[in-house]
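With the hints as constraints, model all of the structure from the sequences given.
Chains as they are written, first to last, in our numbering: chain L, 1 to 132; chain B, 1 to 389.
Incorrect hints may appear among the rest.
Label-pair restraints from in silico Cβ distances [to be verified]:
(1) Ile140(B) x Ile71(L): 37 to 45 Å
(2) Cys310(B) x Asp84(L): 53 to 61 Å
(3) Cys155(B) x Val131(L): 27 to 35 Å
(4) Val103(L) x Leu296(B): 37 to 45 Å
Simulated coverage check for chain L against chain B, where a stretch passes if three residues somewhere in it have a Cβ under 8 Å from a Cβ of chain B [claimed, not checked]:
(5) 23 to 29
(6) 38 to 50
(7) 54 to 68
(8) 83 to 96
(9) 106 to 118
Bear in mind the hints are in silico, worked out from the structure with no lab data behind them. Quick caveat, the model's predicted, so the values are computed rather than measured. For every residue, glycine included, the Cβ atom is placed at its ideal position computed from N, Cα and C.
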Amino acid sequence: MSFISIKFLMILDSIEKSKQMTILIFILAVIGLTAIYFAVINIKPVELRIASIEDSMVDRLVKINGTIGNIRKSKTNNFYWTVDDGSNITVPILDNKFKKLSVKKGDSVGIIGLVTMYNGELEVMPKEIYVK
Amino acid sequence: MFFIIIGVALGFAAGFIPGFSSENLSLLLVTYGIISTNYYLVVTVIAVEISYSFFGFLSPMIFGVGNEATSLTIDNAYSDLTEDALKRGMETVASGGLVGILISLPLLFFAEDVYPLVYNSLRPLVGWILLFLCAYMVWIERGWKRKFFAATIFCLSGLVGLLVKNSGLIPSNYLLLPIFIGLYGFSSLISEKHREIYPMQDIAWIKKARIAAVAFIASMFASFVTGMKRGQTSSLALRIGGISKREEVLFIMSAISLAFTTLSIFVLSSTGKVRSTLAYDIQEIMGDIYFSQTVLFVGSVIVSACISVCALILLAKPLGRALSRINGKYLKVFGFSICVLLIVNFTGVYGIVLAFTTACIGILSSRLRVRSTHLMGVLLLPSIVAMIL
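Structure below.
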């Protein structure tokens, strides 16, 4: 199958180096980008409690609600929130847009993010944060 | 020592498979846990990465197929070399690589103090520095038409990065696999580039010293700036150092590739920040590393480099002879098949869609005759957005 694909793509590329062919490849790239966009927006986060987040959920998009139990600032100016809903999990705040949020210990937040593992610890890498 | 030799042999084999890279190989080693002891696994991965930093230049030189670090050789240096020129080319890569390691070694003793200090001072500015560098890379393309094409390629690849970063579409460990195979592997496997064969010329010692100084400054700078990779660093060094002769391009690219990889271990040790695939793998396997471990890993880098250089010099002539008899097209199909299998296995259908899209963007950059380093927008644009906005 890959032999046929490479042959097809080689033919596609070797057809006269015309503007039309370049435009066609540009259109294919845009179609691919559109497909990726729709695939990404169709990934819906699973709303769950922090206690139910486990190792097998790494790379899953989740939504958690809770209060900020602790805010720690690292030497590299990143923030690490501990979000608590009975159990707790670390939420690393690396993007500047989240660093600008004015939150304090005890604030209620909703976080949509990706479950990741760093140094053996589970974290939620935020994509969206709602301060309630 | 046994694991270093295994790693060098694997890196050597990967260098011959067009479209395949050390990142893919390391990924296989880490994922399948073929080597169970962490230290041995790290040493093997280091040997793979270091030897590939040398042997990775074989594929662009012979078949005209490069990756993030070596694709510039196709734009600016060599591809489709004759038997004799290949031997000289490999010797240039070997000497450049050794110089790269030598210039980075003294920093080991200052890394613990210097890196955190410089890193913290630069951190608020890194987003703007990256933005400026990307704009500069676009600006140095000749003519308004090419500047526009370069900006388009940068934005298209950046859009891919923005869409898939932290999206959960593809497991984060394997996210870069389809992206890089598409951008650099598939696109150069498929695309028929315009190639010329040039005779090799010697580089004067005084010139080599100047190039080494440029490589040192460029690698140092890149190791402080998040998102900068070997390709952009080389591209900037070529421009700023006024390096245009083909053998000098090969020399400095090899030096930067090895210096960057070595420095990334120092950065990981002193700041905990990941600057290269090797650093990523080390962090995945070991977590945080200490100074004593860093010294051990640097020792592995030196031994791996020495073995790789000996192999390059000893094998240069017979390899050139043997490779001239192999049909490059079959090897390209072989490389393509391996890459497809890897993508399907680790990332599924979405990975194929991603690789197809990035391959189209890669082919576009080749057709529009702009530098392949603009494709790194895939990593740079998301970093810039995260740091500035």
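Broken hints, by number:
none
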